[in-house]
Amino acid sequence: MKKIIMFLLATVCVGGVFAQGSFTATYPISIPMGDLSDYIGATSFRGFTMEFSKRQKKNLDIGLETSWHTFYERQSPAVYTEGTASVSGVQYRYTNTVPLLAGVKYLKETDGNFTPYAGLGVGTIYVNRSTDLGLYRITNETWQFALRPELGVLIKAGSGVSGVLGVKYYAGFGTDDLDGQSYISINLGLMFSNF
Amino acid sequence: MTIKLRYWLAILVLPLLSSCYPKGAEYNEELDLVYTNYNPDFNFASKMTYAIPDSVIKIDGDNFLDPDGDLKPEFLTPANSALILNQIKQNMSAYGWTKVDKTANPDVIILVSTVTTLNLYYYYDWGYWGWWYPGYYPPWGWYYPGYYPPYITGYRSGSVLLQMVDSKAAPGAENVPVEWTAICNGLAEGADLQSRVQKMIDAAYSQSTYLKH
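Protein sequence lines correspond, in order, to chains A and B. Under the numbering used here, read the first sequence as residues 449 to 643, first letter to last. Under the numbering used here, read the second sequence as residues 2 to 214, first letter to last.
Read the hints as simulated data drawn from the structure, not as lab findings. Nothing here was measured: the structure is a model prediction, and the numbers come from that model. A hint or two may mislead.
To give an idea of the chain A side of the interface with chain B (calculated C-beta under 10 Å), a few residues [claimed, not checked]:
#1 518
#2 519
#3 520
#4 542
#5 550
#6 554
#7 566
#8 580
#9 583
#10 587
#11 590
Sample of chain B residues lacking proximity to chain A, with all beta carbon distances greater than 10 Å (derived) [as the list claims (entries may be wrong)]:
#12 37
#13 59
#14 83
#15 191
For every residue, glycine included, the Cβ atom is placed at its ideal position computed from N, Cα and C.
Using the sequences and the hints, build the whole thing.
Here's what the structure looks like:
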């Protein structure tokens, strides 16, 4: 966990270079999909998303995103059998993901306070999957190539401050260690900008 | 937003990030784990009788415990031994096995040991049993036909080991086959330890239905 926090802190520092841009902080609610959903079915209410963007044109942002999503589920006591061996106990399953993405965002100009946008991010997702069974822990760590399309709306709240409501689809691509991890995040937060 | 403000926001956010780490097991019972494995070529259905020693031996790593230095293994207290052995006997009986004396030519023998240690080398010398229970076996080694027992490491971990050996293996063989094994592992502490051990022994049998007649 310390590693993840240091990583996020480093990203915050890197974000300082975008002096003419915006900083977005959102709270994500994430719904697991695919292989991740098979492993942990529960929706994640734990996470944090940060974005640093620079306005390239009137309606085009480029930026960096990093976030942290924690998926967690306790399995009911069960017997797990493989071949002749059986193990029974309570499993605690955890998946922590840290996407690190570069992205573009197209914003649609409107007359009102609402600015819809669509974007695409490309990068990598660090995935740490851990299964606790009894006193033992099995951990699988991997980095996956990732795409992240998004849709959302900015709601102007004042000078340099907007509310953000958006949906992101994080699609990790499988590696030898782990199938692709993917999930949909509903994000709610604030964007601070100096324009 | 100024860069300075951005750093302050980051500092405020980091404690929040720490707090989003989810919890794990909250009760000792949730840390209990039962492992079983068996020889798929052994015909359990044709075996009806078993013998079992009246004590549970204490193992420490790959050695038996011998705190008084008399070269004799240490055993669980009679009360704790009885707790474990009775639970095994109940399960064996429920599965249609008949307990007989070791001199009555049993089909299998069940050997029970416990270990509370950081590391358990799940391979200890058959000689402890042969030495202490001369009626059970000469001091040979043993092997696991068709499967491998795990190597277990743990922290403050305790285990009860059950080994069912074929008492009619070819005389003179160097090793005795362990046809079924069970490891009940968990935290070796807590007021509910005894009831947890009993539950784990029950679980070992309920996940080993091939022992049922």
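Against the structure, the hints come out as follows:
Below 10 Å, beta-carbon pairs count as interface contacts, and residue 518 of chain A has one with chain B at about 6 Å; its hint therefore holds. Interface hint status for residue 519 of chain A: upheld, as the beta-carbon distance to the closest one in chain B is roughly 9 Å, under 10 Å. Evaluation of the residue 520 of chain A hint against chain B yields a held restraint, the C-beta minimum of about 4 Å falling below 10 Å. Among the interface hints, the one on residue 542 of chain A holds; its C-beta lies about 7 Å from the nearest C-beta in chain B, closer than the 10 Å criterion.
Nearest Cβ of chain B to the Cβ of residue 550 of chain A: about 19 Å, over the 10 Å cut. The hint is violated. Hint status for residue 554 of chain A: violated, given a least beta-carbon distance of 23 Å to chain B, over 10 Å. The interface hint given for residue 566 of chain A is broken, as the beta carbon of that residue sits about 24 Å from the closest beta carbon of chain B, more than 10 Å. For residue 580 of chain A, the suggested interface contact is upheld, since its CB lies about 6 Å from the closest CB of chain B, less than 10 Å.
Look at residue 583 of chain A: its Cβ gets to within about 5 Å of chain B, closer than 10 Å, so that hint holds up. Annotation: interface hint on residue 587 of chain A violated; nearest CB of chain B at approximately 13 Å, more than 10 Å. Using the Cβ-Cβ criterion of 10 Å, the hint placing residue 590 of chain A at the interface with chain B is not satisfied: the shortest such distance is roughly 20 Å. At roughly 5 Å from the closest C-beta of chain A, the C-beta of residue 37 of chain B falls inside 10 Å, breaking its exclusion from the interface.
Against chain A, the non-interface label of residue 59 of chain B holds: every CB pair exceeds 10 Å, the least being about 20 Å. Non-interface status of residue 83 of chain B relative to chain A is upheld: no Cβ of that chain comes within 10 Å, the nearest being about 25 Å off. In this structure residue 191 of chain B is separated from chain A by more than 10 Å, as the shortest Cβ-Cβ distance comes to about 13 Å.
Hint violations for this structure: numbers 5, 6, 7, 10, 11, 12, all remaining hints satisfied.
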